[in-house]
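Here the protein sequences line up with chains A and B, keeping their order.
Under the numbering used here, the first residue of the first sequence is numbered 1114, with each subsequent residue one higher.
Under the numbering used here, the first residue of the second sequence is numbered 77, with each subsequent residue one higher.
No wet-lab data here; the hints were simulated from the structure.
Bear in mind the structure is a predicted one, so any value in this text is a computation, not a measurement.
Any given hint could turn out to be false.
As the list claims (entries may be wrong) - Pairs of lysine-lysine residues, derived as DSS-like cross-links and limited to a Cα-Cα distance of at most 27 Å, are as follows:
1. A/K1166 / B/K621
2. A/K1142 / A/K1381
3. B/K652 / A/K1398
4. A/K1162 / B/K616
5. B/K252 / B/K139
6. A/K1166 / B/K652
7. B/K174 / B/K93
What the hints assert, rightly or not - Reference listing, derived: stretches of chain A covered by chain B, where coverage requires no fewer than 3 residues with Cβ under 8 Å from a Cβ of chain B:
8. 1221 to 1230
9. 1234 to 1247
10. 1267 to 1273
Stated by the list, open to error - Have a look at the derived ranges for each label pair, beta carbon to beta carbon:
11. B/F657 / A/I1129: 43 to 51 Å
12. A/F1284 / B/F617: 43 to 51 Å
13. B/E120 / A/I1129: 36 to 44 Å
14. B/M624 / A/N1267: 52 to 60 Å
15. B/I664 / A/F1154: 46 to 54 Å
16. A/I1129 / B/H659: 48 to 56 Å
17. A/P1151 / B/K527: 44 to 52 Å
18. B/H119 / A/T1370: 22 to 30 Å
All C-beta atoms, glycine included, are put in the ideal place defined by N, C-alpha and C.
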Amino acid sequence: MQTFLMALLQFFIILIISPFIVGLMQKTKSLVRGSVGPCVFQPYFNILKLMQKEVVLSNQSSYISIIAPYIVAVVPITVAGFLPVFDSNTLMSFSGDIIAMVYILALGTFFLALFGFDQGSSFGGLGSSREMTVASLAEPAFIMVIFTFALQSNSTNISHIFDSMRGDIFFNYPVSSTLALMALYFVTLAEAGRIPIDNPETHLELTMIHEAMILDASGRNLALLEIGSFVKTTIFLTLFSNIFMPLGFYDTNTIWTIGFSIFIYFIKMSTLGVIIAIGELTLAKLRYFRISDAMMFGFVLALISMVTYRL
Amino acid sequence: MLIYIFLMVLPMLFFLKPKATFIVQTFSSLVLLFFSAVLLLKHEYISISMFHSSLPYLDFSIKLDSLSLLFVMIISTISLGVSTYSLNYVYDEDYHHKRLFAFIYTAFIASLLFVVTSFNAISFLIFWEIMSTLSFFLVIYNYENEENRQGGFLYIFMTHLGTAFIMVAFILMYLKTGSFSFENWVHVGLDDSTKFWVFLCVLIGFGTKAGMFPLHVWLPKAHPVAPSNVSALMSGVMIKTAIYMMIRFYFYFLSDIPWWYGFIVLLLGSLSALFGVMYALAQHDLKRLLAYHSIENIGIILMGLGSAMLFNSNHMPLLASFGLLAAIFHTYNHAIFKSLLFLGSGATFLKTHTKDMEKYGGLIKLMPYTALFFIIGSISISALPPFNGFVSEWLTYQSLLLNNKIDINIIHIFVPLFASMLALTGAFAAACFVKVIGISFLGSPRSDGAKNANEVGKFMVWGMGFLAALCVVFGLFPHIVIALVAPITSLLLGVDVSSSTSSHLFMISTPNFSFGHLSTLGLSMGFAVGIFMLYILIKKFGNTKTRMCSTWGCGQLNNDASNQYTASGFSQPIRKIFAFFYHPKEKIYPTSRKKKYFFPILEYKAHSHDGVESVYNLVLKVFVKSSAYLINLIENGSIHIYLLYILIASIAFLVYAVKGGIN
């Protein structure tokens, strides 16, 4: 019972902080640019506001437009159930491993792309095409990184990887792990749709990928899609900070240590969010056909990491 | 157990009444499926020697061991779905000579069944040839089309090329064992060079049939032109008979194979997978796209097979059984969802009268059942959870990851590379099916054909529904298939795979449980609970009103269907990024010369080549040219030269006769 409660607690922590992380990134960018910017809690208000608005659907659309937002939202939420925040007992760990996780996330992308097509506008199709291309290009690097970590910790179970990475694996293979983390950074940028791959702030057809697909969404549909993208960003940051580089504090003995672990997790996530936001500011968005180079670079890093682990 | 054979040939007797043929075929498939499942689970195997002819070596023996039984199950599953579908399809499509069609169709299914049950090399070859020839007839069934004839001839040419290699392999085995019976070939000890030649001939011979890269050129030409129910059988089942024989040879007949045999199969598998899906992405002919996806999936099956061979050659039977499970599971899955998709493409073709995806659109509203089943099939083939394709792809990944337990450096470096190729394949497949669904089923109709489409007949819906239901059932309850594969692994490797992978309820795992596990049922429960929660949340706190409005057209008012994204446009980024692979030729030109400068109507044409095909074309061109040159040299049209030939020939014969007479 206690493990179940802890699992539930971890699950909800990831869900609850995810809009905050995105808000924090926005705030950081505004501050560095010299403007005040919206409040860090603005994404929460956005979701609440959107939920209370009615949905405007295209008369071309089918039931895909109705079910796709739910699936796009529920997929990252399910994946959030896989990830440990401070304890290796997670809510959904019985039902899959890290390879399954990659494919579950792909299910969300699949339905998001279908949603883009459903209104019969050229914007949606354009976004879907770009999104699927970027997702395809990021996939090999992602699987390669996962293979490296799975071989290092001799398991594909997320909890198991978490436990063994917390030991001394990271320091046993420092070069390999660092390179894999660098590769994962590129994958994170692509999957979470950040600069230099995609710009979440613009609505110009030249630059946008993710925003183009959800252009026709409104009301609760848009709220669900936003929840999906927030949680997805948080998932990748959690993967980064908690699974593959677990430098932190994990203790579940007393309620105080649990609280402290959560606090450390929170600090780590915020730091990562700020780092990514500053990284975004220093880079220009890549031309669309240059994204393949960035992804190839990520893949090569992952490959070198695999080879260095093996040698 | 003559009932078995009786069931196989029974539907052929009804060919005078095509409708009755399909009904009988449906029921006999159902009975066969049921019987085979029972026999497989009860570990009862039948062997009969039917007919000893007076000709030397020729005897028809049939044996149903676990491997054959599973393939009989695959064939009868697909035949059940496809025959139900045909009840409507053959009449709606209005083929001429329906009796002939029904006869060839059932004879084709019967020959498939005999191929996987024959236990003698000669009888196997006879049925193999019958199968190839009948499928050739079915490919060219609408022989009025030039395209059909060309595809058919390429097919019959390639398949006989393959058969030649198969014969060489069989003859080599005969020379070593002195028998054509498969019984005597089991785990035969061959010397290294013979083993290599047998391996190579089997790989080329059956690889041609399976559509393995680079022997795949016939597949995307022949499969799309056949009637859709036949394409479903060919892609779903016929190419699997080649996989069946590969498993038989590499795990049952050959023993102590070197590790690099498995490595070659793995390499070819990953290349087939990647190349198949990349060519598929560039297609906008729906059936040709599906045919390229067959190449991809054969690649994935071969990857599972190759990793199982690697384990087997390193004496790790437990892990080998796991790899074999991945391969056979994917074989079954691919049979199901590929025939489902071909049937779906047949339904859209029937109603819109075109195979070009660019002319579909909005079919989800006009053909709701077909669209639903097609989407289920697409999710399965893109290996997305929680359907069946995902489970077998997960197993393939795990078996690749476990390959690292083999202590060979090349494997350590290359296998992760193959895995990332598999990842790229999976992602491209998903992109490709987003394209197919998005362009053909969503949005608004792009042509009059698509505008006037309506739902297909009820038997077609049932046929597709049956296969779609299997996609879901096998995805959520993979234990069913594992239980069916377990007797095969105990036959071939002496290890029961089900005890190591399905020890926990509703959960499949790698042989070492802590290494990785998966519960698709748990996942889908998670999805269901999550969606329910979100729904409640919105119901309680949100707004549930919906207003319909026309799509935003950026301020423009003409919202006609041509404003939508196209299939070629969808795959254009990938074509451009991988330009070194596709060699795309793109051209934009005005349709009429008069309106060249002011508001010209432009036409865009994009074309990409299959690189392998051009290599084949080049080789054939050189071959044909040089042989034509030789023929031209000999037969140069001058009657004097011909007379000279006759003279030389008669003198030669005379000399021979005189010499021979002396002896």
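These are the hints, each one checked on the structure:
no.: 1; hint: A/K1166 / B/K621; in the structure: holds, 8 Å
no.: 2; hint: A/K1142 / A/K1381; in the structure: holds, 18 Å
no.: 3; hint: B/K652 / A/K1398; in the structure: holds, 19 Å
no.: 4; hint: A/K1162 / B/K616; in the structure: holds, 14 Å
no.: 5; hint: B/K252 / B/K139; in the structure: holds, 22 Å
no.: 6; hint: A/K1166 / B/K652; in the structure: violated, 41 Å
no.: 7; hint: B/K174 / B/K93; in the structure: holds, 9 Å
no.: 8; hint: 1221 to 1230; in the structure: holds (count 6)
no.: 9; hint: 1234 to 1247; in the structure: holds (count 11)
no.: 10; hint: 1267 to 1273; in the structure: holds (count 5)
no.: 11; hint: B/F657 / A/I1129: 43 to 51 Å; in the structure: holds, 45 Å
no.: 12; hint: A/F1284 / B/F617: 43 to 51 Å; in the structure: holds, 47 Å
no.: 13; hint: B/E120 / A/I1129: 36 to 44 Å; in the structure: violated, 58 Å
no.: 14; hint: B/M624 / A/N1267: 52 to 60 Å; in the structure: holds, 55 Å
no.: 15; hint: B/I664 / A/F1154: 46 to 54 Å; in the structure: holds, 50 Å
no.: 16; hint: A/I1129 / B/H659: 48 to 56 Å; in the structure: holds, 51 Å
no.: 17; hint: A/P1151 / B/K527: 44 to 52 Å; in the structure: holds, 46 Å
no.: 18; hint: B/H119 / A/T1370: 22 to 30 Å; in the structure: violated, 55 Å
In this structure, the hints that do not hold are numbers 6, 13 and 18, in rising order.
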